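Take these sequences, add in the hints, and give me the full structure.
The sequence shown begins at 1 in the working numbering and counts up one residue at a time.
Think of the hints as simulated: they come from the structure by calculation, not from any bench.
Predicted model, so just to flag it, every value in this text is computed and none were measured.
Cβ coordinates follow ideal geometry from the N, Cα and C atoms, glycine included.
The reader is advised that the hints may include incorrect statements.
Estimated spans, in silico, between C-beta atoms of each pair [as the list claims (entries may be wrong)]:
id, residue 1, residue 2, range
1, 33, 61, 18 to 24 Å
2, 147, 81, 25 to 31 Å
3, 150, 51, 27 to 33 Å
4, 33, 149, 28 to 34 Å
5, 140, 75, 30 to 36 Å
6, 75, 4, 22 to 28 Å
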Amino acid sequence: MTILSRVSWNIHRGRGQDGRVDPARTVKVLREEVVAQGTDILLLQEADEERPPHVGILDLAEVADSTGPYHLHGDDRRRWGARRHGFLGVVFFAAPGIEVEDMVLLDLPGHCHRGAVIVDLRKDDTPLRMIGTHLSLSQMLRVAQMRTLAQ
1 MTILSRVSWN
11 IHRGRGQDGR
21 VDPARTVKVL
31 REEVVAQGTD
41 ILLLQEADEE
51 RPPHVGILDL
61 AEVADSTGPY
71 HLHGDDRRRW
81 GARRHGFLGV
91 VFFAAPGIEV
101 EDMVLLDLPG
111 HCHRGAVIVD
121 LRKDDTPLRM
131 IGTHLSLSQM
141 LRVAQMRTLA
151 Q
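Here's what the structure looks like:
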């Protein structure tokens with residue numbers, strides 16, 4: 001049996017409860033409070049700036065050094081653009097030893113940009129599909145987005 005540990009966290013673009021945007025503080029919280037030792041998959045939502053051009057806000061090397069899992073979106077085809085960390089704010093990291101076999105970026109319907117990252121992984125010769133997304137707040141749009149994912 002293969003065991004996979006995973007963490008998913010909406011980092012709210014690095015904005016803390018005090019209203020300040022501080023990506024370094026976000027990485028510190030990831031390291032000290034969110035990611036347990038041995039985390040296989042780390043999925044972050046809202047990991048980019050709120051306004052266009054939606055540039056990634058984190059120091060990816062620091063996230064990997066602090067938490068263990070490495071950034072899966074190194075290839076520009078696995079990102080929304082060269083200055084983004086992932087796709088529409090969704091960013092995947094995986095522990096060493098986990099192989100990425102395929103990654104699909106999927107636009108979701110809605111008024112503001114929403115998307116999903118579908119990753120086919122393999123750990124200990126066991127295949128696994130993970131979907132990371134950040135759905136709309138509107139219930140009607142959520143239903144449409146989930147239907148799109150199910151197709």
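Hints and how they fare:
| no. | hint | in the structure |
| --- | --- | --- |
| 1 | 33 / 61: 18 to 24 Å | holds (20 Å) |
| 2 | 147 / 81: 25 to 31 Å | holds (27 Å) |
| 3 | 150 / 51: 27 to 33 Å | holds (31 Å) |
| 4 | 33 / 149: 28 to 34 Å | holds (30 Å) |
| 5 | 140 / 75: 30 to 36 Å | holds (34 Å) |
| 6 | 75 / 4: 22 to 28 Å | holds (23 Å) |
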